[in-house]
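Dock chain one against chain two, each of which comes alone in its own frame, and use the hints as you go.
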Amino acid sequence: MKKLFNFLKNHPIYCLIIVICVVFLPGAIIAKPQTESKLIIRALGIDKAGDEYQVSAIAFLPKASQSFQENYKIVEGKGRTLYDAVSAAAKETGKDIGLAHTGIVFVNDEICQEGLVEAIDFLVRDYSLGNDTYVVYVPESTKELVEAAHNLAMSSGIHLGDVAGYDERKVVHGESNIESIYDSAYSPSKCSLMTVMEMSEEEGIEPGGGQSAGGTGEEQSGGGGEQEQKPQKKILNEEKILILKEGKKALILEPEQTKKYKWTKSSNFADALTLENYSDKNFKNATLSLSVSSNNVSQRLSFKNGKPIFTFLIKPKLSIVEVNQDNLDDDIFIDVSKFETEKLKTTINNKIKNEVYDFIQTFVDANTDINMIYEKFNAEKTSQFQSFLAGLENKENFLSEIKFYVEVDCKIE
Amino acid sequence: MTKTISARQLSLIAFISVFSLKLTVLPSLFYSKVGIDAIFSLFIIMAFDFLELLLIFHVLKKNQDISFYQFLSNKVGKYFAKLILLLIFIYYFFKMLLLCSGGYNYASLAIFKEAPRHLFLFILLVSSCSLYLFKSRSYARTIEFFYPIVATMFVLFVGIALFTAPLQDIRPLLTTPAQNIFESSFMFSVLGGNYLFMLLFMGKIKFGKNPNRSVFGHVVFAWALLMVFYIIDYSIFKYTAVAHPHAISEIIQYLPLPSILGNFDWIAVSFMLVLFVLQGGLFIYCMCYSLNKVFEVKEVEKMGAVSKVVLVFVNLLLLLFIYVVFPTFSDLRTFAFNGLFVPILSSVVMLVPIICFFFELFNSKKRTKVAPSLKSTEEFVEAENQKILSLKVRKDEETI
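Line order of the protein sequences matches chains A and B. With the working numbering applied, the first sequence covers 1 to 413. With the working numbering applied, the second sequence covers 414 to 813.
Do not rely on the hints blindly, as some may be mistaken.
Below, computed lysine-lysine pairings styled on DSS-like, alpha-carbon distance capped at 25 Å [claimed, not checked]:
| no. | chain 1 | residue 1 | chain 2 | residue 2 |
| --- | --- | --- | --- | --- |
| 1 | A | LYS376 | A | LYS249 |
| 2 | A | LYS190 | B | LYS651 |
| 3 | A | LYS2 | B | LYS526 |
| 4 | B | LYS651 | A | LYS38 |
It is worth saying that the hints were derived from the structure and are not from the lab. Keep in mind it's a predicted model, so treat the numbers as computed, not measured.
Pulled out of the complex, with its shape left as it was, chain B reads as follows (with noise of 0.2 Å):
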């Protein structure tokens, strides 16, 4: 299979798939559940994550040279394959579907009051899909391009915060019923599961020395730099984080910077522009891996139209749902936080890369019982087949 992504591509594309709301809507949501005892919820999503991606780097590992759908299809077979990557399109729909609604929540306060909606889902659906289109290799390069341009703001942000900011001690903490706090963590888990992503990357990786160095490290850094933010914003809005739903924005506007230096707003609102759209890319990417797979086709020159068909129909999904069926932000966060069905359906989806995992680890000591070796010509003959059949079909993963 063509490797199109390095290992560091894929790591750096894990940091930045860990924030977005997370910076602005998150902090306050969490606050008005469980107080300043949030970061504790934080740390169990991020814990979990973490888990996860441990898991998942070694189903990774284990299968450089197949794909997910095929993985998958070796497991459980065709059609709980096509269920499962059903279920993770639509966990994407709905993480794409924040994205679009909090992000136009968030860019209309801090730059236009008046820009109207469809500028900024012009904006954003046009260049997420645009990356989407040029394939994950342009993808991968374009975060490369971009890490250091966020990485560096945020650090330059979390640095001022720390050095200017009024900072108030945060304790007492842990004031909280701990079934709160996990209560919390599991009504927010469709902003965690940051690293499955990774699944539908997989056949796709070159690996490479020591990934893990890169992947993990990237990974803690991220992770580290978000819980900074969470103990600045709740320290500087100790009581009143529920009434600043853009935290970034917000927690930069109240540092007393010198007024020769002037309002660095600016830093926060294009750090956060240039996070939609690499998010949205990466989004609009699963989620068009996971319907392709869905309506696969036995063509490979018909798979470039299918995959055309399956780009316009989540957009045009996209738009129904922005516009119809949740109008505001507040809507779409009733239900994505307040009811049932959007936390039980990403721990369901969470729950993939545990599976997969176990699948992994029976398959390898399955591996260990029998003798590799081949007893017969006509064995190897088939063996050969197998290689061959399996080829072709890797190929028509290629057009995707």
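Isolated chain A, as found in the complex (with noise of 0.2 Å):
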């Protein structure tokens, strides 16, 4: 004994160890794993009707089983606040929310009628849920759009989560998340954007399983008149944008609308353009479908007699993928270089620059400064805009004042 003092007191790191294990590894040992304590929330659901929240959320349970299949339930919660509704959520389950693994938010039309920023704010200040998760504007009922998320996921393994950031990539062009939406209240531009999923009986893609139609071979009860099948609605993406101001829900770019709103935006990814009734020495009335595998777009930034102009710059770079014509002959699929007439590269340029000259009058009538115009003149020209502005009766209505012009150059590859 006398020998094991003496070796701790010359040795005193190993009296540290040990007073480390006695702290800390009874505790450790019976701790429980989190799993056990925390709900899992994958995807979130936020409805507002009048002044209470109702919430609903995929939620992943662990389950042991033989098969690989994760196991995910759809719970749901009401309260006055977001954060009731959400812990009454949990509650069913007997846990706590746990909002780490939340990838994708839904919101519904009056969320963003009466204001996001305000609503979202349990979501902002909670520091497990990362400001880079997903927020969709579902123009219905986002409980209903969870639950074909759900079952989507169950039959076939896509995750909305996924889709929303394939969205913000290639439809957005940029980010659609809880901190762009902050970007709509604080930032000088006072604007942000969001993808739209929403539920469709005619168009989408089919959740599948779960609310099925009456079910084959079921027998309907009243009557023994035809069945009465309702038929499941599917979820449909198709490219439509939510432009917020200060917040609120102020414009819904429609799908043409959002092609005309991609021409003002980089981007490496590959997108359409249709040319009709098209002809040269190459084609007769034809339709061409042309890929637009890259947009360059840049902006070129000016001042005349104190008044901004705002240029738009853009060469984008297309391939022709299609061909619709009648009497096609041989020469069309030899020498594909010798497309790329000057008449060719012209009605191009000018069906984009009109394309986009629409696009910026739909946003300057909305006073939605979508492209961040306030801000690129206030980094590059600080004092000339904000002398510009000072002169301005209405400050808050200086897009309408911003002279625009739009420079295509488009290359065919």
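Here it is as structure tokens:
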């Protein structure tokens, strides 16, 4: 014993190790895994009806099984505040809220009308939920979409979080997450963009599983007439964009308008352009489909007589991928380089220019600074721009005082 | 005097001393005062620190065989030396307090929300005190061991952030009045003074060949990484930086990394925990050294007991302030960054290297006026006696 005491006295590090083991080891051995105490929420849908929040969430529940299938369950809750509603949903399962793995949040129209920034305040303050979580606008009920998303994931493995990520990259060409929503409240442009998903009876992807129609072979009660079959709604994701201004819904870009918006964004993702009834030495009344392999957009900012001039410089690279024309001949497949004629380039340039001017008119009319014109001028020409703003009667309508030009120089590969 | 650390080890300690809370809560606090111009506030602190480093380094090189306490005693007398060391103690006490409270604030969110404060404090204080108890040589070697890990993690983090984060244009800059920028540098000055600790290592440093390259090289590297970090933070969270008080973890959470790579938050958390412990060790060392000198006893054998009592006292005082005086981090933050006591204290303490430099400058001028040669045997004997006496005092210093 004395030997041990002397040894410990001469090697105090071992005393430290013993103390650490005594303090920490018992707690660590009996500690439960966090999955037993936390409800892992993968997707969250928030509806607001009147003063009440209704939340529906897809929760991941670990379950021992012989297959590799993940076990998800939909939980719902209501509350006066969003936190109350989410807590109520988690209490159903006897666990605490765990938002660390929440990849997507759906919000309904009423929330966006009243103010999204205030509504999701709890989500911003929750440290475990990253501000890069996608936020998606749903025109009607998010509960329906959450149920459909759950069925889709179980039946086919497609997760709407991945779809939202795709939309963010290839539709919005920017961010559509919690952080970007806060930009709409605190940035000078006061605008941000959100992807849109909705339920549709006609178009979209069938969720499968869950709430399928009456069921084959099942008899319906109430008479031997024809079976009442409720058609399953489909999840529609058709490249719509919701524009938020000061955290509130301002404008929805329909798919056609979204295509026009995309011309103002640099990208390396394939897109499409169609020319109809095009004729030149190579084509006669042809419908040409061109693939846009990349689009390089820059801007030129200048002032003339104290008025700002914003010029979009658009340089897309295209290639012809489809030709629909009567009387196609062999030549059309042999030497594709001859297709790049001045007329074709001019036609493409003009088409793009018209689309972009159309889009510019849309956002100027709606007074939504989608392209962050304010910030670009403020960064490069601060003093001139501030002088211009100071001279305006209504600074909020500065967009209508800016002159926009579009220059397009396409390249056909 | 026994040289316990090399110039390289000193430079690595200087590298480590730059970080910790500057990577968590400071970006959001700075932003709340001056917006994106916080980059300039940080630059002012950095520039002042660098200037101080030049002065401190000069003083250290000119006084390689005496301790800081001896140096002060020779210049201003024993009691003023103790007063200065007391101020240094209080300064490092607040730094340690911020580290403990701010560190727990970060760790509780980044790791386990339910983890109690005493768990974190136990880990931090025990590790930091161990580093102090195992003396400066062991501390320096520990830093040498962790430096490549810490530097690699931080460079990896900065590299990933630069190449994958959605960075925005941070212009326009200098939109805040200059007064606000300087004022915020003053209010957060307690997080500066990163090289003051070198004075307390006076007499223990083995400079070797070309120490300047090592020390200044590592210092510039540290500050460059820090500036890049701030630019990345403000570029990602251009308008909402104030809402992100745990900058390093929030940045890495926000990076669009592929799902196969998963969450890289473990880089930030591991990095910060190591930094907390290493910085804690440094602060504990500085506090205990200062207080030991304030309560110095003549008997050598009692010095060991005094140093242990001082260590226990420092820990108890820290716990008292953490649990009673400033029970939450926001209370401490308000006192430290919104009040005047801590900034004024920091400013006064940061004058110490400048005063030491002028003492040294004045001393060297005086030395050149008087011929060093001794004119008589009596004077030679007197000089030798002085040397022997000072050697005896230095031996007492080595017990710390």
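Now for the hints, and whether the structure bears them out:
no. : hint                : verdict
1   : A/LYS376 x A/LYS249 : holds (23 Å)
2   : A/LYS190 x B/LYS651 : holds (13 Å)
3   : A/LYS2 x B/LYS526   : violated (43 Å)
4   : B/LYS651 x A/LYS38  : violated (33 Å)
When the structure is compared with the earlier hints, violations turn up for hints 3, 4 and for no others.
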